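First to last, the sequence lines map onto chains D and Y.
For the first sequence, our numbering assigns the number 172 to the last residue and increments by one with no breaks.
For the second sequence, our numbering assigns the number 376 to the last residue and increments by one with no breaks.
Simulated from the structure, these hints should not be mistaken for laboratory data.
Hints should not be assumed to be uniformly reliable.
One-sided excerpt, in silico: chain Y residues whose CB lies under 7 Å from chain D [unchecked claim]: (1) M207; (2) V342; (3) A346.
Each pair of labels, with its calculated beta carbon distance range [as the list claims (entries may be wrong)]: (4) D:I148 with Y:A185: 14 to 24 Å; (5) D:H39 with Y:Y309: 50 to 60 Å; (6) D:H156 with Y:Y309: 46 to 56 Å; (7) Y:D343 with D:H156: 28 to 38 Å; (8) Y:T356 with D:A72: 37 to 47 Å; (9) D:K84 with Y:S290: 47 to 57 Å; (10) Y:E320 with D:H156: 52 to 62 Å; (11) Y:D175 with D:E133: 16 to 26 Å; (12) D:W107 with Y:E308: 21 to 31 Å; (13) D:M144 with Y:G291: 28 to 38 Å.
From a predicted model like this one, the values you see are computed outputs, not experimental measurements.
All C-beta atoms, glycine included, are put in the ideal place defined by N, C-alpha and C.
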Amino acid sequence: MDAEVLQRFRDGEEEAVKTVYERFRGPVFAISLSILRDHGLASDSTQQTFIKAWQGAASYDIHREFGPWIYAIARRTAIDIYRKQSRSLVSDDVDSVDISPGLDAVWEMFEVRSAVDQLPDDERQVMRLSHFEGLTHAQIAKHMGIPIGTVKSRSHRAHQRLIELLDHLREE
Amino acid sequence: MSDERATYLESGAGVEPMGKDRLDRVRGLLARAEMWAEPPHEVAENVLADIAASTAGPAPVGLTGIVRWAIGGIATAAAIALVLAFGLTGSSGTVLAMDGTELAAAASGEALVRVADSGWVIRLEVEGLPATGPDEYYEGWLWSDDGEGVSVGTFRHSDGDEPVTLWSGVDPAAYPSLWVTLETEDGDPAASERVVMRGRAPID
Numbered sequence: 001m002d003a004e005v006l007q008r009f010r011d012g013e014e015e016a017v018k019t020v021y022e023r024f025r026g027p028v029f030a031i032s033l034s035i036l037r038d039h040g041l042a043s044d045s046t047q048q049t050f051i052k053a054w055q056g057a058a059s060y061d062i063h064r065e066f067g068p069w070i071y072a073i074a075r076r077t078a079i080d081i082y083r084k085q086s087r088s089l090v091s092d093d094v095d096s097v098d099i100s101p102g103l104d105a106v107w108e109m110f111e112v113r114s115a116v117d118q119l120p121d122d123e124r125q126v127m128r129l130s131h132f133e134g135l136t137h138a139q140i141a142k143h144m145g146i147p148i149g150t151v152k153s154r155s156h157r158a159h160q161r162l163i164e165l166l167d168h169l170r171e172e
Numbered sequence: 173m174s175d176e177r178a179t180y181l182e183s184g185a186g187v188e189p190m191g192k193d194r195l196d197r198v199r200g201l202l203a204r205a206e207m208w209a210e211p212p213h214e215v216a217e218n219v220l221a222d223i224a225a226s227t228a229g230p231a232p233v234g235l236t237g238i239v240r241w242a243i244g245g246i247a248t249a250a251a252i253a254l255v256l257a258f259g260l261t262g263s264s265g266t267v268l269a270m271d272g273t274e275l276a277a278a279a280s281g282e283a284l285v286r287v288a289d290s291g292w293v294i295r296l297e298v299e300g301l302p303a304t305g306p307d308e309y310y311e312g313w314l315w316s317d318d319g320e321g322v323s324v325g326t327f328r329h330s331d332g333d334e335p336v337t338l339w340s341g342v343d344p345a346a347y348p349s350l351w352v353t354l355e356t357e358d359g360d361p362a363a364s365e366r367v368v369m370r371g372r373a374p375i376d
C-alpha cells in the first residue's frame, strides 16, 4: 500500500478508500468471521473496522506497515462485538477474552489470507478448489475445463508465490 | 529450498522442509471457509456512505425544512452562502434535514443521500424518535410530486440506536420527499398514515 494512497485514504477520498478496502477486505473479514462465527456480525465488524481505520488514520505512521495496523483495529473491533454479544464476559482486557481461535492463529490467518488475496485469480481458484473443496488436479481440470497440465502448473506457481509472500515462514 | 517448501505446502508430501509445523498450519488455514469467504457487496457501500456522512459534518443550526439534493463544484463565497441558505453540507453526498411531525414532535435529524453503484444510499441519523413497540417498525419512503411512493427500507428504533442505512433504487431527484412512517406488522405493504418525520428536497 503506497504512501500516496494512504494519504488520500486519510483524506477520505473515495477512490483511496475503495483501494484500501479492496486490498484488506478479505483478511479483515476472515479474522472477523473466525472470531465471531457469524456472517452478519462479521460483516458489521468489517464495516466498523474500515470506518475506525479512516477515523484513526491521522494517528497512523505512514512509514510503518499498514497490514498490522488495520489488523489490530479489526481484531479489537471483532472482540468488542463478541463481548457485546456475550454478556457473560466481564474482562476489560481484550487480550484475555476467551476467543477461539487464539490470537496467534488470528494473526496467522490475517497474513495467509492477505497473501492468498494477492495471487492472480486463476491461481487462487485452483488453490481454493484444491485446499478448500478437496479436489484432485484431475477433478479441478474437469471442473474448470482446462488441461490437467495447466492445473498442475498453476497450482505449483500459486504455491511458490505463496511461499514467497509468506517469506517469514522460512525462519521458523 | 523454495521448491521443497512449495511442494510440501501444495501436497503435504515430499522432503520435510524447514518450518514444517508452520507450513502445516498454513495448509490447515487454506482448508478453512474463512480463507475464502467474502463480505457482502453492501459492506463497501456502507463504508463509503459512513465516511461521506462523517465528512459532510452537521447541518447548520436552525436551518431545517428547505434543502437541496446536490450542489457540486461550489467554491466561491456566493456559493458558500447558497449552501448555508439551503442547509446543504459536504461534497460527497447531500444532507437532508428531517423534522418530526406532530406524532413525533421531539424528533429531528438528517439524512445523507449519496449515489452508489447499485442505487442511492440514504443514511438516516435521528434523535428524539420514539422507540418502536414490539409489533411496530419504521419505514422510509421516497415520494414523487405526483404522489408516488417507494419504500426505501424498514427499521426498528430504540434510544441510542446507531444510524440507519436505507437504500433506494429510484433517483431521489425524481422523488424529492423523504418520509418516515410508523408501521404495524399487519401484512399491509402500503404506507400507513402515521408519518413521524418528513424531509423535502426542492428540485432546480
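Q: Would you settle whether the hint for V342 (chain Y) is holds or violated, based on the nearest Cβ-Cβ distance to chain D being less than 7 Å?
A: V342 (chain Y) check fails; min Cβ-Cβ to chain D is 23 Å, beyond 7 Å.
Range agreement (Cβ of H156 (chain D) with Cβ of E320 (chain Y), hint 52 to 62 Å):
Check passed, 60 Å falls within 52 to 62 Å.
Cβ-Cβ distance between D175 (chain Y) and E133 (chain D): within 16 to 26 Å? Roughly 25 Å apart at Cβ, these two residues keep to the hinted range, so it holds.
Can you let me know if the beta-carbon spacing of I148 (chain D) and A185 (chain Y) is within 14 to 24 Å?
-> For I148 (chain D) and A185 (chain Y) the Cβ distance comes to about 18 Å; the hint holds.
Note to self: For the hint 28 to 38 Å, verify it against the beta carbon of D343 (chain Y) and that of H156 (chain D).
What the structure shows: Distance hint for D343 (chain Y), H156 (chain D) is violated at roughly 51 Å.
Could you check the hint for me, namely that W107 (chain D) and E308 (chain Y) are 21 to 31 Å apart, CB to CB? 45 Å, violated
Is it true that the C-beta distance of H39 (chain D) to Y309 (chain Y) lies inside 50 to 60 Å, as the hint says? 23 Å, violated
Per the hint of 47 to 57 Å, is the separation of the Cβ atoms of K84 (chain D) and S290 (chain Y) within bounds? Since K84 (chain D) and S290 (chain Y) have Cβ atoms about 29 Å apart, the given range 47 to 57 Å is violated.
**Study point:** M144 (chain D) versus G291 (chain Y) beta-carbon gap, inside 28 to 38 Å or not
**Key:** Holds - the Cβ-Cβ distance for M144 (chain D) and G291 (chain Y), about 34 Å, lies within 28 to 38 Å.
Quiz item: Would the hint on A346 (chain Y) stand, with a C-beta cut-off of 7 Å toward chain D?
Solution: 24 Å, violated
Range hint 46 to 56 Å: satisfied by the CB atoms of H156 (chain D) and Y309 (chain Y)?
55 Å, holds
ask   = Does the hinted range 37 to 47 Å hold for T356 (chain Y) and A72 (chain D) at CB?
value = At roughly 45 Å between Cβ atoms, A72 (chain D) and T356 (chain Y) fall inside 37 to 47 Å, so the hint holds.
Checked against the numbered hints given earlier, the structure breaks hints 2, 3, 5, 7, 9 and 12 and satisfies all the rest.
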